[in-house]
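Kindly generate the complete structure, drawing on both the sequences and the hints.
Here are the chains, one letter per residue:
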Amino acid sequence: MDVKKEAFMKCLGSTVRKIMEGIQVDFCGIQEIRMRVHTPLFIRYRGREYAVTETGGLTGDIGTAYRITRQDIKEAVELISNYSMYAYEEELRQGYITIAGGHRIGMAGKIIMDGRHIKTMRYISFLNIRLSHEVKGCATDVLPYLLDEKSRIYHTMIISPPGCGKTTLLRDMIRQLSNGSCEREGVTVGVADERSEIGACYKGEPQNDLGIRTDVLDGCPKAQGMMMLIRTMAPQVIAVDEIGNREDLEAMEYAINCGCRLIATVHGDSFQDIQDKPVLKSMVEKQLFDRFVLLNNRKKPGCVSSIMDGLGKVIWQQEGRRSCWKDLD
Amino acid sequence: MLEGFGLIMRIMGSICLVGGMALGGILTADRFRGRLEEMSGISRIFLMLRGEVEYHGLVLPEAIRSVGERMEGSLQELLMEIAGKMEDGSGQTFGVIWRSELNDYFAYSNLNKEDKKLLLSMGNHLGYLDKRMQTASIDLFLEEWKTEMEDSRKRLPGQCRIASCLGIVSGLLLAVIMI
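Taken in order, these protein sequences are the chains called D and S.
Counting from 1 along the first sequence, just add 1377 to a position and that's the residue number in the numbering used here.
Counting from 1 along the second sequence, just add 151 to a position and that's the residue number in the numbering used here.
Errors might be hidden in some of the hints.
Unchecked claim - The list that follows gives simulated cross-link-like pairs (lysine-lysine, PhoX-like), each with its CA atoms no further than 25 Å apart:
#1 S/K297 <-> S/K264
#2 D/K1580 <-> S/K236
#3 D/K1451 <-> S/K268
The set of hints was computed from the structure by calculation and includes no laboratory data.
In structure tokens form, the structure reads like this:
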């Protein structure tokens, strides 16, 4: 069995595991599994939602679907946390746990507050298991626009709404830059992976392929992570996901002044959208970035809609479906 | 002639009986001592487990394996079995694994019914709560366990004496009745 599939199966309780083992679809196409107590088991498969029957069949009729019990959730939570909820206090406060294989499990239930802060979560009743699938090669078409004449990466910002594949694109860019190619030497990449989304580290070991010259600081706040990487690992390129606050801006300026190249992602619908946010606007005005890559999911997740230079001038624009990831077809 | 032979047989039988009953008494006393040793081993397990959880932040399977590696004999086997079952991803809950492995272990154990009950109850508390509550629940268990151990330690010399004496006396009594 595929390692990622095996890791995913291990986080399911006996009943749901049996159902998922009997499911007759391509595992690579499953994007997420939704488990909500007393409601049907749903999966999102190739962009569409299906209910799952007790025998593992996909159906649109929720009356015939298997209904998740409290025991199913209890078992899954126990397995997801490796029988050790106490070891995931911080993750529970954030609302998700990353497991082996890089899969990310979102949880919801009763929040226990400690003053103004979230202390922990009890009575977990809702799970969203987002399966991690790498899309190797998805950055191949984009990368030539992001390299200068010496084949060094420009300071690049990937802009996209949630769920459009910016982390997947970033991950593949890291992998390709780190590994190098016939035309381009590999470079040392430092990844400040605050939410374990890029490398999906499990016990410090990246579950996703980030290349042979990549160092990952897992679970470390981005701003501190960038500083630490510069001081300790001497990266030529620093990659961070979902930047947005002033501390990030300061750390990025420091990184750029240290001679590092920067790749970052940010939530946004358009170039204009990021200019409406004070911190991001300041980054644009200071011309910290030389390239902006805009993604959308109008046709499917992962479509590059345009690439702009540091001044916001479009240097490439989507035509047809050429830039969408082939692997998601 | 036959009468003399019968008497010799009765005397020999009585000696065997007294010897057997005395041995039974000694073994019972040994069981009491064994229980105390076992309790002390289990107490050490939970103390180490507490350390692994609190200071190393290990997840339960790793913590149990790590403690198991430092133990010896049947307790080591027990911990390694539990850790192995948790790691193999069979989908069983911790409570189920804990109960099933402990029940196997109890077949060869010197622990009494109350000890077993207390130990089994830990299957409902380990792994579930946050770190502070986790260590607190181990502390609570250790407190109860140590009280039980102290009682047992105090009673041990008397229990051992009674078991040995009872063995010999009951053997003698039966021998007298036989002869």
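Return the numbers of the hints above that this structure violates; sort them in rising order. none
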